[in-house]
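6 protein chains.
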Amino acid sequence: MPIITVEGPRIKDIEIKRILVKEFTESATKAYGLPAEAIVVLIKDNLPDNVGVGGQLISDKKKA
Amino acid sequence: MPIITVEGPRIKDIEIKRILVKEFTESATKAYGLPAEAIVVLIKDNLPDNVGVGGQLISDKKKA
Amino acid sequence: MPIITVEGPRIKDIEIKRILVKEFTESATKAYGLPAEAIVVLIKDNLPDNVGVGGQLISDKKKA
Amino acid sequence: MPIITVEGPRIKDIEIKRILVKEFTESATKAYGLPAEAIVVLIKDNLPDNVGVGGQLISDKKKA
Amino acid sequence: MPIITVEGPRIKDIEIKRILVKEFTESATKAYGLPAEAIVVLIKDNLPDNVGVGGQLISDKKKA
Amino acid sequence: MPIITVEGPRIKDIEIKRILVKEFTESATKAYGLPAEAIVVLIKDNLPDNVGVGGQLISDKKKA
Chain A
0 MPIITVEGPR IKDIEIKRIL VKEFTESATK AYGLPAEAIV VLIKDNLPDN VGVGGQLISD
60 KKKA
Chain B
0 MPIITVEGPR IKDIEIKRIL VKEFTESATK AYGLPAEAIV VLIKDNLPDN VGVGGQLISD
60 KKKA
Chain C
0 MPIITVEGPR IKDIEIKRIL VKEFTESATK AYGLPAEAIV VLIKDNLPDN VGVGGQLISD
60 KKKA
Chain D
0 MPIITVEGPR IKDIEIKRIL VKEFTESATK AYGLPAEAIV VLIKDNLPDN VGVGGQLISD
60 KKKA
Chain E
0 MPIITVEGPR IKDIEIKRIL VKEFTESATK AYGLPAEAIV VLIKDNLPDN VGVGGQLISD
60 KKKA
Chain F
0 MPIITVEGPR IKDIEIKRIL VKEFTESATK AYGLPAEAIV VLIKDNLPDN VGVGGQLISD
60 KKKA
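Protein chains in written order, with numbering that gives the first Met the number 0: chain A, 0 to 63; chain B, 0 to 63; chain C, 0 to 63; chain D, 0 to 63; chain E, 0 to 63; chain F, 0 to 63.
Don't read these hints as lab results, they were simulated from the structure.
Honestly, I wouldn't trust all of these hints.
If several chains are the same, the list does not tell them apart, and a pair holds so long as it fits within one copy or across any two.
[Said to hold, decoys possible] Within a straight-line C-alpha distance of at most 30 Å, the following computed DSSO-like cross-link-like pairs (lysine-lysine) qualify: (1) K11 / K21; (2) K11 / K60; (3) K60 / K29.
Predicted, not measured: the structure shown is a model, and the values here were computed from it.
Whenever a hint applies, use it, and build me the whole structure from the sequences.
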């Protein structure tokens, strides 16, 4: 604890994941006053045909 | 916001996903009085050997 | 299973919750081909100072 | 309900999943006083490049 | 990591929570081969008018 | 989408929440290449008797 979960489209570049985890952890460290070692980040990939925004699948929006 | 997440077995037919996202969004629009654009739906697929009901994996139930 | 979780602002009127649970369950019943008894809906209330959109707390947006 | 979700690295051996689901369900049955049939367990697999601990991806820790 | 989240009705007796956390942690320790210190358990309370089963709020079922 | 959820102990100071939401949103904006308006942050408070680490409730650890 704390645990940070981010639900988003898939991030293909691992370097971007590295920066995201580093920055989220730094922000949480400051906010909670807890050491970085206590903080877990979970990156969750979502396929465009498993996400709807505004009542429409993202995979359909891209085609439009 | 609002964010609707559904954890279920995999839905193979994308047309079923389209209807699910559309209906969930309509229901949430009415309940929260917020526009459809504000509403996100996440469909989460779960494999039968990653779900337990009644203390037993779903993949084992199917065999029984 | 399936489990539907909705994260949103607090719904004060229980009648609105009743309709939301009924409609979500009906939509999931059709999409998954499973009986209503198998479907769980969790309504999660979020305070406006615990939600950020566009980098700003909702409680601050309201004041603006 | 209740619903138990475990976020962890992938468990490859299905026998380990069987035991985990059985034990979690037994513990929840006792704690909530509800029958095993009411209890759902979701096992969530996470890839080592989608998890950060201490500000670092697990996939990077392994290399170090 | 691993992180175990349990969504259920409120547990009033803290001794029951102690046992639940202890047992969940022991089961996860065995399943993942990780030390107890790495394992986090989150107990989530849900009010009966925020949970629907079978299309009906639990708070309404109790009255019936 | 993306949606960032942070599970942690309660943050009492709203100014700390403001900074957390702002920083999480900035990090996600860069990682996903999406505008800040698309990003939602949910801050989840957890009571010390609802969280276990190392098989022990946080509320019990504090007493020790």
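Evaluated hints:
For the identical chains of this complex, K11 and K21 are neighbours both inside a copy (17 Å) and across copies (24 Å), given an alpha-carbon limit of 30 Å. For the identical chains of this complex, K11 and K60 are neighbours both inside a copy (21 Å) and across copies (19 Å), given an alpha-carbon limit of 30 Å. With identical chains, the CA atoms of K60 and K29 are at most 30 Å apart between copies only, with a shortest distance of 22 Å across copies and 38 Å within one.
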